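If you read the sequences in order, they're chains V and X.
Under the numbering used here, think of the first position of the first sequence as 1, with each following residue one higher.
Under the numbering used here, think of the first position of the second sequence as 450, with each following residue one higher.
It is worth saying that the hints were derived from the structure and are not from the lab.
All clues given are correct.
What the simulated footprint calls covered on chain V by chain X, stretch by stretch (three residues with Cβ under 8 Å from a Cβ of chain X suffice, anywhere in the stretch; the number is not a length):
1) 135-145
2) 148-160
Cut-off 16 Å, straight-line C-alpha distance, at most; resulting in silico cross-link-like pairs (EDC-like, lysine to aspartate or glutamate):
3) X:K658 to V:E171
4) V:K166 to X:D690
5) X:K716 to V:E33
6) X:K658 to V:E172
It should be emphasised that the depicted structure is a prediction, and the values quoted were computed from it without experimental measurement.
Even glycine gets a Cβ: it sits at the ideal position worked out from N, Cα and C.
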Amino acid sequence: MMKTNMKTLSARMVMAVALLAMAAMTAAPARAELVVDITRGFVEPLPVAVTEFFGESPDETRVGSDVAGVISGNLERSGLFRPIDRGAFIQDPATLRAGPRFADWRLINTQALISGTVQLQVDGRLRVEFRLWDVFAETQMTGLAYFTTPANWRRVAHIISDAIYKRLTGEEGYFDTRIVYIAESGAQNRRLKRLAIMDQDGENHRFLTDGGALVLTPRFSPTTQEITYLSYIGKVPRVYLFNLTTGQQEVLGDFPGMTFAPRFSPDGNKVIMSQARQGNSEIYTMDLRTRKVSRLTDHPAIDTSPSYSPDNREVVFNSDRGGTQQLYVMSSDGSNVRRITFSPGRYATPVWSPRGDLIAFTRIFEGEFFIGVMRPDGSGERMLTKGFLVEGPTWAPNGRVLSFYRQSRADSRGKVESKLFTIDLTGFNEREIVTPIDGSDPAWSPLIP
Amino acid sequence: MYKGALLSSVFHGIVLAVLIFGLPSFVDPPTTTVVPFEIVTPEELELPKPEPKPEPKPETTAEKVAPKPEPPVEQAKPLPEPEPPKPEPVPEPPKAEALPEPEPEPVPEIKPEPEPEQVAAIPPKPRKRPEYKEPPKKKEEPPPNPLASILRNVERLKQQPAPPQEEKPAAEQPGPVSRQVSAFEQNDMVRAIQTQLFNCWRLDPGVAKAEDMVVEIRVVLNPDGSLQRADVVDVARMSRDGYFLAAAENAQRAIIKCAPFRLPLDKYQTWRDITLRFNPREMFGT
Chain V
1 MMKTNMKTLS
11 ARMVMAVALL
21 AMAAMTAAPA
31 RAELVVDITR
41 GFVEPLPVAV
51 TEFFGESPDE
61 TRVGSDVAGV
71 ISGNLERSGL
81 FRPIDRGAFI
91 QDPATLRAGP
101 RFADWRLINT
111 QALISGTVQL
121 QVDGRLRVEF
131 RLWDVFAETQ
141 MTGLAYFTTP
151 ANWRRVAHII
161 SDAIYKRLTG
171 EEGYFDTRIV
181 YIAESGAQNR
191 RLKRLAIMDQ
201 DGENHRFLTD
211 GGALVLTPRF
221 SPTTQEITYL
231 SYIGKVPRVY
241 LFNLTTGQQE
251 VLGDFPGMTF
261 APRFSPDGNK
271 VIMSQARQGN
281 SEIYTMDLRT
291 RKVSRLTDHP
301 AIDTSPSYSP
311 DNREVVFNSD
321 RGGTQQLYVM
331 SSDGSNVRRI
341 TFSPGRYATP
351 VWSPRGDLIA
361 FTRIFEGEFF
371 IGVMRPDGSG
381 ERMLTKGFLV
391 EGPTWAPNGR
401 VLSFYRQSRA
411 DSRGKVESKL
421 FTIDLTGFNE
431 REIVTPIDGS
441 DPAWSPLIP
Chain X
450 MYKGALLSSV
460 FHGIVLAVLI
470 FGLPSFVDPP
480 TTTVVPFEIV
490 TPEELELPKP
500 EPKPEPKPET
510 TAEKVAPKPE
520 PPVEQAKPLP
530 EPEPPKPEPV
540 PEPPKAEALP
550 EPEPEPVPEI
560 KPEPEPEQVA
570 AIPPKPRKRP
580 EYKEPPKKKE
590 EPPPNPLASI
600 LRNVERLKQQ
610 PAPPQEEKPA
620 AEQPGPVSRQ
630 VSAFEQNDMV
640 RAIQTQLFNC
650 WRLDPGVAKA
660 EDMVVEIRVV
670 LNPDGSLQRA
680 DVVDVARMSR
690 DGYFLAAAEN
700 AQRAIIKCAP
710 FRLPLDKYQT
720 WRDITLRFNP
730 REMFGT
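Could you build all of it, start to finish, from the sequences and the hints given here?
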């Protein structure tokens, strides 16, 4: 594509050319290099081709097709990629093993191509490899192979999706993750609320509690497979800790009043939460190893919904100390409290992005709910979505996508619907996460280790 | 009598048991669900052996997995197997065989017969591109307010500021050009290049620090407007900053996609060698 034509010239000729050039320079100013600013582009998903991963045997072929399907679904749902219809492909998976015929892929307007193979090995393990190709530059952008048990193919597909996402966007992926949420069923006044968990794409859905006790506000540890949440076991609202790999559940701390609104610190070593006593609530932290409790706020107003910045240095929370419920940021020792929201309406459930650049929140204004984002200094406020009731934003671990829930107004029979959604932080690409029954209060896990 | 003693001893036994073991808990349903995950072990691949003839050679594939002991790969590899249920013998965690970097070589040899050769394939579609019916740009004149579409706000908190005035060809060097090219003509060329590229540059406004991803690319064009080369100026940053790498590749794709550029041949000396500066800041209104 880029050719350089080097001609060998005799020394004399070189000299002559140099002299001529100098003459030209004195006659007219040297050609200046033109600099052109490109200040406008467009936002559109990148066309990608996800081919079925090649397999020799029927079993391998089936897994190859399933893996490609999961990858394609992940990329499409992110809103950043547009998988091209497989019917348009010219080159088949078998010949792709020797490398792509790039012209064939350009012909159908592919910009990134994903190929791969699946092999069941003699030791019973599954080997899945993929390659990501830049069709325009005609290069392999990345290529990796993974070994696992055959039953674990879905997770491999998520891991591959993350690798592709990272290479193409520069950002960590978020597909090899789970979402825990409150699964709701039954009449409004006797709502059964169970803790449930599923893969980020809604697959592998499981209930974690049986509904015997009310559960609320689950939050994932950013570093471990643990969840903290509020439960009314024995009618007393308390913050609990639940370990997904052991199934163990324990009460967190022994506070005299009720504790609520828990969240982990970014390093996973602490839980920050509210404790209410005699009508006032303050923010506390508990060190999970030493169980030491520290109080961060001390104000007659209601201080609640704390969330750490990813560097552990600051905490955003909401408080009505200014008259209405607004967002405040303080240092993580409780000092240097400053207000960051000043718009009309009330603000709630702030949550700091793992990327650090934004804080997401719920805003209630003129009878409507909004999910919005702003920078930690309060600037750049944008409302991403709104509705009769939208609540509980939670960030994907890469800080790019938010999940939240949306509840409908009660219909004529008093029935209310509550569904989980995701939305890109640009405010586009809002999608429902389909769950078996109603859901609320989603919480996104970190990438699975 | 005997019955009474039996009853009494049973009750005493129960009381004793309660004292020792405590009352059964009826309120704390122990949750027993366990949600494990399986281990996945990655390794890096090198380029496939591209047989000059792309024969469906079954085992040509990536079998070449140089066992590089370092775990240089993606985050994927450090799979500390925390959980028990992994039936297979994949104990050691990051068994990441690294291959000589996934490697950005141009993979030149893989051109099967129909290969229109390199760049050849790209030129024809500069302005056709039917599926790019994207909203943000309308035809030639740039839309009045580009940032209205780049980040969405469902509530008009404040009226969007007036759009930055239509493309000041912002940064062309006012410097001297070849003899016959007036500032006015140069301006026209700049506009022509901009207009063409506005329709080819796909960017991601949601990526971290998107506004700061200013990418400069040095472009050398042939007299027919086709691309001779397009080199990112800050190559070093590409290797250390994944965000910049992605932004730079996006910009390069835009140039490849847009070529050939439609520019007046008689001014070739002016536009033969240009620097394109992809700067999204204006679209964010910052």
